[in-house]
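Peer 1: The chain contents come next:
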Amino acid sequence: MNTRPHIALQGLRKLYPGNARPTFDEIWFDIMPGEFVCLIGHSGCGKTTLLNILAGLEQASGGTVIVEGRELTGPGLDRAVIFQSHALLPWMSVRENIAFAIRSRWPGWSRAEVEAHGQRYIDLVHLSGAERKKPAQLSGGMKQRVGIARALAIQPRILLMDEPFSALDALTRGALQDEVVAISATTRQTTFMITHDVDEAMLLADRIVLMTSGPDARVAEIVENGLPRGRTRQELHRLPGYAALRNHLLDFLVERPAGRPADPRHPPLRRIGAAEHPATANPR
Amino acid sequence: MPRPGQRARAIALSLLLLALFLGAWQAAVSGGGGTAAQMDPDYAALMGTAATQGASAMPGPAQVATRLAELLADPFYDRGANDKGIGIQLGWSLLRVMLGYALAVLVAVPLGFLIGTSALLRQALDPFIQILKPISPLAWMPLALYTIKDSGRSAIFVIFICSVWPLLLNTAFGVASVRREWLNVARTLEVSRWRMAWRVILPAAAPTILTGMRISIGIAWLVIVAAEMLVGGTGIGYFVWNQWNNLSITDVIIAILLIGLVGMALDQLLAWAGRRVGYSE
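Sequence order for the protein chains is A and B.
Read in order, the letters of the first sequence correspond to residues 29 to 312 in my numbering.
Read in order, the letters of the second sequence correspond to residues 225 to 505 in my numbering.
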């Protein structure tokens, strides 16, 4: 508990005009520097809205987001978003899409600098050879790789991912999850990811935030991933505590709890996956 | 997908239809029996061959082809107000269309951009656009002549006013329907308004804008003929009317053919430009 949170969500609320009840309300949780947090919840609980508020693309109806001690006011280059629909600009090639982001981040860079920097991230996501292709010529997995490269290329302090792999087939999804594991092991970026894939959350997340069903959704509880670090997709299901954690998350999704925690500011924190370690608020 | 050989067969069919049309045309204009016998010779001379020998004043395809070759052999001669080469006449029409059209693009694309990005402006301007759009461009002609006091410029104004609406509406629609996620990407990158307009909105809306430009050039080319018939002086529209007054049906037919060919060329040019800026998602 020696560092302050990188991102602090303080009582976030979203009420769309015309709705009687807010989509979510009283959302409180922290994301620590370098932490990988996954959010799991049913559709309709406002997961994407929550992420868009963190990205600065939408306004909260109440509450605030504090990033590095400052209140969030809008979108910014300190946060990169990986969109579910990849959101590549279709008239630009792979290289141009990434260069567009790099030039936004470093407007003074020369052409050669932009090119070289972009190439590093194209190589990082294993897209070498596809630089000149337009998004329409790429498979879904390759498009999402470009989205990841574009987000990483601006070297953001925070990475926000909105179900980035949900539109992909299982094999491609697995391959990309492996890449995210490898990349986040080296960059140690603070990452917030929305997912509905329990295994994905168990593989990637340090902590998993569970949200109740909407409307009026809350944070039901926060589960600390007790599975040992250095997880791989192949080994995940053999890890001690895998079944306990998986069952806990699935039970939550199946039971669809709609109740409210007694104290929304301090949702129950549980460490599941390796009972021998005591729970701590900050896993790193 | 067309089967192999279908293209060749389509061309063959096109040629067959052309041959049939030319044959029917020739047959229709070939003269019947003579009626000159009972006519006074002076009166017959006055009436010409149409009345005296039953020959149609409508020329046959061969006559048209001969005259076309004649006109195209020397398209740019200028022997006074009523006798200019067909190339000069087409050139004047194209010049007027280009000027009016360029003016319309300069006004409509930026304005359409604003309308497309501002819902307030869109709603405020909508009644004006809806009323002005269905007005025949030629209805503006007297007003244009009165205020501009120059027939040539009035024709350009008429081209402007008929090109501006499809351009305006298509630009506004294209800009308004730029995918939200593309704008969001640019917003998360803190892209400036200008860069957003140039690098995101304009390329995203370009295919829709080009569709508007293609519709507009078609309308402009339709309208220029009528406008030049009214204002006179030069241009292919004036040529058509002048040759009608000269009872030179051959020249009228040739003008019709050339108007069609130029119109097709303009349309294809913008279709090509549209393909250049197109993208697939």
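These are computed hints drawn from the structure, not numbers from a lab.
Each hint should be verified, as a subset may be incorrect.
[Unchecked claim] Partial selection, computed: residues in chain A whose CB lies under 7 Å from chain B: (1) L85; (2) L105; (3) F111; (4) A129; (5) S132; (6) G136; (7) A164.
[Claimed, not checked] Some chain A residues close to chain B (C-beta under 7 Å, calculated; not the full set): (8) A83; (9) P103; (10) V109; (11) L117; (12) P118; (13) W119; (14) S194; (15) A195.
[Unchecked claim] Here are the computed distance ranges between Cβ atoms for each label pair: (16) A/T214 to B/R419: 45 to 53 Å; (17) B/P228 to A/V209: 20 to 28 Å; (18) A/K161 to B/R500: 15 to 23 Å; (19) A/T31 to B/R419: 56 to 64 Å; (20) B/L338 to A/A144: 37 to 45 Å; (21) A/S113 to B/L493: 53 to 61 Å; (22) B/L345 to A/R284: 40 to 48 Å.
Cβ coordinates follow ideal geometry from the N, Cα and C atoms, glycine included.
Peer 1: Indicate, hint by hint, whether the structure satisfies it.
Peer 2: Hint by hint, here is what the structure shows:
no.: 1; hint: L85; result: 5 Å, holds
no.: 2; hint: L105; result: 5 Å, holds
no.: 3; hint: F111; result: 6 Å, holds
no.: 4; hint: A129; result: 6 Å, holds
no.: 5; hint: S132; result: 4 Å, holds
no.: 6; hint: G136; result: 14 Å, violated
no.: 7; hint: A164; result: 4 Å, holds
no.: 8; hint: A83; result: 6 Å, holds
no.: 9; hint: P103; result: 5 Å, holds
no.: 10; hint: V109; result: 5 Å, holds
no.: 11; hint: L117; result: 6 Å, holds
no.: 12; hint: P118; result: 5 Å, holds
no.: 13; hint: W119; result: 4 Å, holds
no.: 14; hint: S194; result: 15 Å, violated
no.: 15; hint: A195; result: 13 Å, violated
no.: 16; hint: A/T214 to B/R419: 45 to 53 Å; result: 31 Å, violated
no.: 17; hint: B/P228 to A/V209: 20 to 28 Å; result: 51 Å, violated
no.: 18; hint: A/K161 to B/R500: 15 to 23 Å; result: 18 Å, holds
no.: 19; hint: A/T31 to B/R419: 56 to 64 Å; result: 36 Å, violated
no.: 20; hint: B/L338 to A/A144: 37 to 45 Å; result: 39 Å, holds
no.: 21; hint: A/S113 to B/L493: 53 to 61 Å; result: 35 Å, violated
no.: 22; hint: B/L345 to A/R284: 40 to 48 Å; result: 45 Å, holds
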